[in-house]
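Undergrad: Spelled out, the chains give:
There are 2 protein chains.
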Amino acid sequence: MTDTRVEESLFQIIHCYHEYAAREGDAETLSLEELKALLMDNVPRFMETLGRKEPYYITQLFRAADKNQDNQICFEEFLYILGKLVKDYHLQYHRQLCAHYCTQHSLY
Amino acid sequence: MTDTRVEESLFQIIHCYHEYAAREGDAETLSLEELKALLMDNVPRFMETLGRKEPYYITQLFRAADKNQDNQICFEEFLYILGKLVKDYHLQYHRQLCAHYCTQHSLY
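From first to last, the protein sequence lines are chains D and A. Take 1 as the starting number for the first sequence in UniProt numbering and just add one per residue. Take 1 as the starting number for the second sequence in UniProt numbering and just add one per residue.
Be aware that a few hints might be false.
Repeated chains share a single entry, so a pair holds when one copy, or any two copies, can fit it.
[Unchecked claim] Straight line, CA to CA, 27 Å or less: simulated DSSO-like cross-link-like pairs of lysine-lysine:
| no. | residue 1 | residue 2 |
| --- | --- | --- |
| 1 | Lys-53 | Lys-36 |
| 2 | Lys-67 | Lys-53 |
| 3 | Lys-84 | Lys-36 |
| 4 | Lys-87 | Lys-67 |
| 5 | Lys-36 | Lys-87 |
| 6 | Lys-84 | Lys-67 |
| 7 | Lys-84 | Lys-53 |
| 8 | Lys-36 | Lys-67 |
By construction, these hints were calculated from the structure, which means they are not laboratory data.
Start from the sequences, fold in the hints, and give me the full structure.
TA: Shown next, in the form of structure tokens:
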């Protein structure tokens with residue numbers, strides 16, 4: 001069975017998580033440094049806004065996601081961060097549609 | 001700025017939601033029929049297992065996601081379903097890795 005584009009997208013996100021989780025320490029979880037690298041390299045649009053590149057932002061995000069407070073983000077905990085990413089890119093999606101509409105109708 | 005593969009994946013999932021939401025009624029939300037079509041067309045690996053093609057499964061999933069009980073799934077509510085999909089494909093990802101390892105080491 002060939003994967004659909006949505007399935008490929010889901011696997012791409014999951015593969016990215018594991019690629020960074022495997023960098024150091026526990027190969028199945030993200031450390032603070034691994035999470036920071038994952039976000040900086042893979043979701044620059046998310047990181048560019050709202051001062052998210054400030055060290056305190058990533059530390060706070062890490063702490064909020066680390067429900068069992070073991071100083072590691074497991075895949076289940078990563079879903080909290082993924083939810084934030086999806087909501088942010090959903091807003092960006094609508095902003096792009098709006099900009100496209102305005103350009104087409106010469107509203108700028 | 002060129003989108004990364006993870007950003008493309010996030011936009012792909014968001015685009016898919018809107019493509020099906022626009023089919024009938026409120027163009028920003030999914031009806032039961034729209035959710036069913038979205039799942040059948042885009043996540044067949046998810047739908048193939050655990051009797052998920054049974055009508056009662058999709059109806060139950062729809063009800064569980066529809067937090068405000070307005071008989072529509074808005075994007076925020078869709079995140080509940082997306083969480084289920086990501087968890088399911090995460091298991092499939094590990095199963096594939098395991099199968100690959102076993103094949104390479106002639107363990108079958």
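Undergrad: Confirm or reject each hint.
TA: Right, here's what the structure says about each hint:
no. : hint               : result
1   : Lys-53 with Lys-36 : within (9 Å within a copy, 39 Å between copies)
2   : Lys-67 with Lys-53 : within (22 Å within a copy, 33 Å between copies)
3   : Lys-84 with Lys-36 : both (15 Å within a copy, 25 Å between copies)
4   : Lys-87 with Lys-67 : both (20 Å within a copy, 17 Å between copies)
5   : Lys-36 with Lys-87 : both (19 Å within a copy, 22 Å between copies)
6   : Lys-84 with Lys-67 : both (15 Å within a copy, 19 Å between copies)
7   : Lys-84 with Lys-53 : within (15 Å within a copy, 30 Å between copies)
8   : Lys-36 with Lys-67 : within (18 Å within a copy, 33 Å between copies)
Consistency note: the structure conflicts with none of the earlier hints.
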